[in-house]
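Chemist: Protein chains in written order, with our numbering: chain G, 1 to 339; chain U, 1 to 339; chain R, 1 to 325; chain V, 1 to 325.
If you're looking for bench data, these hints aren't it; they were derived computationally from the structure.
Hints may be right or wrong, so weigh each one.
Heads up, simulated DMTMM-like pairs for lysine to aspartate or glutamate below, C-alpha to C-alpha not over 20 Å straight-line [what the hints assert, rightly or not]: (1) Lys167/V x Asp294/G; (2) Lys136/R x Asp67/U; (3) Lys137/V x Asp294/G; (4) Lys136/V x Glu259/G; (5) Lys136/V x Asp30/G; (6) Lys295/G x Glu333/U; (7) Lys295/U x Asp294/G; (8) Lys167/R x Asp193/V; (9) Lys136/R x Asp294/U; (10) Lys212/G x Asp260/G; (11) Lys295/G x Glu238/G; (12) Lys257/V x Glu46/U; (13) Lys295/G x Asp294/U.
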Amino acid sequence: MTAPTKSARTIPTAFAIAEALRIAMASDPDVILMGEDVAGGGSRPEGTDEMGGILSVTRGLVREFPDRVLDTPISEMGILGTAVGAALTGLRPVVELMFMDFIGTCLDPLLNQASKFRYMFGGKARVPLTVRTVTGAGLQAAAQHSQSLYWITAGIPGLKTVIPSNAADAKGLLLAAIRSDDPVIFCEPKGILFLSTDVPEEDYEVPIGTAKVVRAGSDVSLVGMGATVGMALAAADELERDGISAEVLDLRSLAPLDEDAILATLAKTGRLVVVDEATPRCGIASDIAALCVDKGFDFLNGPVKRVTAAMCPVPFSRVLEEAYMPSAARVVEAARGLL
Amino acid sequence: MTAPTKSARTIPTAFAIAEALRIAMASDPDVILMGEDVAGGGSRPEGTDEMGGILSVTRGLVREFPDRVLDTPISEMGILGTAVGAALTGLRPVVELMFMDFIGTCLDPLLNQASKFRYMFGGKARVPLTVRTVTGAGLQAAAQHSQSLYWITAGIPGLKTVIPSNAADAKGLLLAAIRSDDPVIFCEPKGILFLSTDVPEEDYEVPIGTAKVVRAGSDVSLVGMGATVGMALAAADELERDGISAEVLDLRSLAPLDEDAILATLAKTGRLVVVDEATPRCGIASDIAALCVDKGFDFLNGPVKRVTAAMCPVPFSRVLEEAYMPSAARVVEAARGLL
Amino acid sequence: MRTMEPTEEILLVAYRTMRTIRSFEEKLVELVTRGKLGGFLHTYIGEEAVAAGVCANLSDDDHVASTHRGHGHCIAKGVDVRGMMAELFGAGSGICKGRGGSMHIADLGRGMLGANGIVGAGIPLATGAALTAKLKKTGGVGVAFFGDGASNQGAFHESLNMAANWKLPAVYVCENNGWGEFTPTEFVVPVADIAERARSYAMHSLIADGMDFFDVYAKSGAAIARARRGEGPTLLECKTYRFAGHYVGDTLVYRNKLEADHWINHRDPLQIFTSRVVGDRLLAVEDLQRIDREVADRIEEAVSAAEAAPLPDPGDLLEDVYVQR
Amino acid sequence: MRTMEPTEEILLVAYRTMRTIRSFEEKLVELVTRGKLGGFLHTYIGEEAVAAGVCANLSDDDHVASTHRGHGHCIAKGVDVRGMMAELFGAGSGICKGRGGSMHIADLGRGMLGANGIVGAGIPLATGAALTAKLKKTGGVGVAFFGDGASNQGAFHESLNMAANWKLPAVYVCENNGWGEFTPTEFVVPVADIAERARSYAMHSLIADGMDFFDVYAKSGAAIARARRGEGPTLLECKTYRFAGHYVGDTLVYRNKLEADHWINHRDPLQIFTSRVVGDRLLAVEDLQRIDREVADRIEEAVSAAEAAPLPDPGDLLEDVYVQR
Ligand SMILES: Cc1ncc(C[n+]2csc(CCOP(=O)(O)OP(=O)(O)O)c2C)c(N)n1
Ligand SMILES: Cc1ncc(C[n+]2csc(CCOP(=O)(O)OP(=O)(O)O)c2C)c(N)n1
Ligand SMILES: [Mg+2]
Ligand SMILES: [Mg+2]
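Only chain G is shown next, with the shape it has when bound in the complex (with noise of 0.2 Å):
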């Protein structure tokens, strides 16, 4: 399943995901959609599904499953909470998190339940739960709903971390995400929500732990994930002007990360920038280098530059906003440092 083959059209990433979750929803009965409108009120006899998630992700799936898409009340806590006991007792729970920034209200059931029980059970219990969540800055919509907070989950044991960068691999990771049997934090990146792709229409998974060279170069790596990949890409067509090969890697898992696909690429070219959306303490970009300085120290030739988000609340004024924002320009410019 892991072969994406038949035909393909081009969708936006957000109806990949909504493809994904009627794919997974049709093929197993266990599988529950929970949140904060969802069936946007559809499944009262006088609702309508035109809506379904304030970003529209999920119209349309109350028709169709109209027992198994769950309007929450406004009540994170008790929504993860819920989830986390159902999946530990025989469904497998997709919870929406309408924005990651509200991870604050609701942290505890990944933090110290999901992530922990199989564990702490002597390895007993299985929590398949899937949490999407949108991450990410762009749309001005300012300090509270526009965080790349995947470092908290990343950084949990017992949890995963998955983001994809186009519609393919969001419908195929979010399939993979809610077929395991880990409890899986699947980001929806405001940044390619609504971009599309050419997406396989057959059922496929992306597996979860795996990161992609999206394009192969020789001189500097680029090792971007969700919205950064696209900033890399377009970086290394400008390096590309300037005679720099740049190999992009894509991450798409965040936790477990993919090491051997990390230090293939730095062994390659010695030279590596990571691009994150996310602030720059205790992140992902800190992770990569720290790899690359650990077991990837004899291939390094030069040193490992993060371009991140800026170290302050993310502003809501455009320029300010775009200035707080990592880009193309700043990887290129990152890049050509190493030169």
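Chain G is already provided as a structure; the job is to place chains U, R and V with the ligands on it using the hints.
Modeler: For chains U, R and V with the ligands alone, coordinates are given in the frame of chain G:
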């Protein structure tokens, strides 16, 4: 007020913390202390002041400051949120979050409120909040009472996070934290809470953001924080027997990080081991490694090694907990590997 | 409960407040349509009597915590509309220097602790303000505005419990507008009146007609007076209605048009207020018309100023993260 | 409410359960004193009738979420005391392979979703189990045990609200033992009865004498039957008392000795049970004595086995973090 000068006594960290609280409350009527059982029920007419937090750190304070030591319900979100509101309006609250593991129940007031107000409100707010919280393993308190989650608060722009390695620094850092106009997380590592060092009697502050070389050396740098400073010092003793001279740096502040001090010791030795009680992903250890391979690249004479807890929940059984935690022996091994 | 009769001055201010909120937000909708504003915007249109009624009982020494739907609370608490408008344009002259945007407008000098993008998060903040007032004996109160949906948040429960235990001078104003995003309140709140939830804390509670300034003014006035007297907190539920969508751009396909039309045509707080003050000869029609004109001018002026204001300097990106660097 | 008369078999099991809890924990206190056990231990002594009464109405298909004070719930739900004792010794043969310890004992095969070190965290877990039961039509129920202190947590509020909205087959058993650590309940809970809090969710509620197995059995039986019939959740408050300190080692200086003596001497659930079953000739004294001996033997045997059991292999430290590596 920064340089302790007068008479000192040998007292445990827990007493030094109480002393700092007493000084802060006596010198500023706006300082209040809130938390579960911080007064141990002692503000009731029939109560005793014999209790004071689950580890008795605040014992007796309620008698001295009856209106300012507030027992709360078991409502961390309410406690933290209330404290943030109080800080914003003129009080200087010190909150006890009994164990840092409980941060999952109350992250939002830190993640989206206290840390962001000053910035979001255009520089007009002050949030002089201190959160005292117990971190670390070693007491067989198991998976939900033993975590070192300071990487979460250190990763949030707008917060400061400090962690003392001894009683004297605990007193000075806590006084600095309480008097800071920024929100500060003050970690109380289990591993040092009941260890004693000389503590000056007077009122002094250890400035936030400054690391300290606690042992000079020339062959390798050992960077520790909280309870791991002791491990690093023990490792340095051991290494000395092999003729290896280790410098030990005590971070003291995790955010902001004293980059100059880290780069200075790296410049001196060219080899660095960081020792952290937290799990390895997205942590302080990675940040330090990343700093070394970026701004410190030219000083590097070998890989940067991270000695951390294992990437799993904290196990209960003594033998497993020991295997989980970093240790002087593992630091020695890592340092030897660099030479 | 002693009913309080608002003075003429209070009524004039109240009308100006409500009209300002209405006109300010009608202008926002227009500006969004013209592509002038970014970000997420939630309008308060239809709920003006709540903010106006409550805040008519407050001074700058009283603190208010608000929500994602915060423009009305800000205006009623006296925040300058020019600064607000500039903020929405992301200008450097914005009340938050362009850093906050609609969901984070604050003005501590006015006792406005900020709009808030996290549902329920303002409730403990107001509780904290009430704690400050109590311990520092300021005579002030802490007021939280929040929605029906927010009453399902743990922060609501924990805060009200603490306030009740500590008898804090706090007033919890639940704006029950019938909806949380696209979900009707009765679908997620199993009690008819959210005020009922006060019983869990042995807390005093009241229900007001949120479309009637006079009722909100009287009931919130009683609750605030009670708080100031040291008699503890109140949960005040105001029954109101969100005239427009959840956010600007919401298609409203999920909502029964007859339901909305009923409220909009028969329960408009500005109309209800006008009929009453004119009918009872409390204010003259000319006064109201003059205020309408003044408000319209003020808002036009705010828009012009905001459009002309320079954007922030990207070089200042890292300023004000901390008080002490 | 139809009262249910427990059968002789149920009474025998109940007595064995309560006696096992009591003896198991008395043994723990002894072992701690002898320096044999590490970690934080919280005893359930005095509250045995609650776990025994509720669980007498449950089967392995029903799920229970527990607390930091979880030994009683585990034993009542049928978890093997040998596995539990070995766990407390940190042995590889422990029910959680020595990884969990006292606060994390679980046995999914018995429907025991785990003790829990986070106050209030079990409440949504049981709610989730009830959701599974409802959607998969298993006929099972989800039961949360939690303390009076936990009723001040947001997780309590959010869970009960969800369960009420969805009419889940859930029973929320609040063990009101008068204390949360060193703080008396009335100091932090402003209502006399926590059962009152059900009103916030229009939820059914009941109050039981938590020292009387018969009362708990009947009231929880009614609540569970109601849940199984699809009539929705119940908040059941059991008034009980924590005979010992908050944790093993607690000096109890904060607590009035007269208060404690009253409960210990006059309201011991084992004594109350014994008087009733013997007085009403429901069980023979010999049966009880035989059970006492059997239980004592079983616990001695569990201790010997646990002491002899090898500790886990540190090389297995990283096993079982994930199902799929
Ligand atoms: C913690 C959190 N959860 C969800 C959201 C998304 N959200 C924003 S407004 C809203 C509805 C709020 O309903 P209510 O409290 O009734 O206020 P109203 O919008 O009706 O004024 C939701 C779910 C959020 N901002 N914060
Ligand atoms: C979230 C959280 N906050 C605080 C604690 C510390 N703590 C452990 S037990 C306890 C008291 C619980 O009281 P109650 O719910 O009444 O249960 P009881 O101990 O009386 O059985 C506290 C505060 C915790 N474990 N988790
Ligand atoms: Mg609403
Ligand atoms: Mg209790």
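Chemist: Each hint should be assessed against the structure and marked as holding or not.
Modeler: For each hint, the structure was consulted:
1. Lys167/V x Asp294/G: violated (54 Å)
2. Lys136/R x Asp67/U: Cα-Cα ~11 Å, so holds.
3. Lys137/V x Asp294/G: Since the Cα atoms of Lys137/V and Asp294/G sit roughly 53 Å apart, the hinted pair is violated (cutoff 20 Å).
4. Lys136/V x Glu259/G: violated (40 Å)
5. Lys136/V x Asp30/G: holds (8 Å)
6. Lys295/G x Glu333/U: Holds - the C-alpha atoms of Glu333/U and Lys295/G are around 16 Å apart, at most 20 Å.
7. Lys295/U x Asp294/G: holds (16 Å)
8. Lys167/R x Asp193/V: holds (19 Å)
9. Lys136/R x Asp294/U: violated (49 Å)
10. Lys212/G x Asp260/G: Given that 20 Å is the threshold and the Cα spacing comes to 11 Å, the pair holds.
11. Lys295/G x Glu238/G: Measuring from Cα to Cα gives roughly 30 Å; hence the hint is violated.
12. Lys257/V x Glu46/U: Answer holds: Lys257/V to Glu46/U is near 12 Å, not above 20 Å.
13. Lys295/G x Asp294/U: Within the cut-off at roughly 16 Å; holds.
In the structure shown, a violation is registered for the earlier hints numbered 1, 3, 4, 9, 11, in ascending order.
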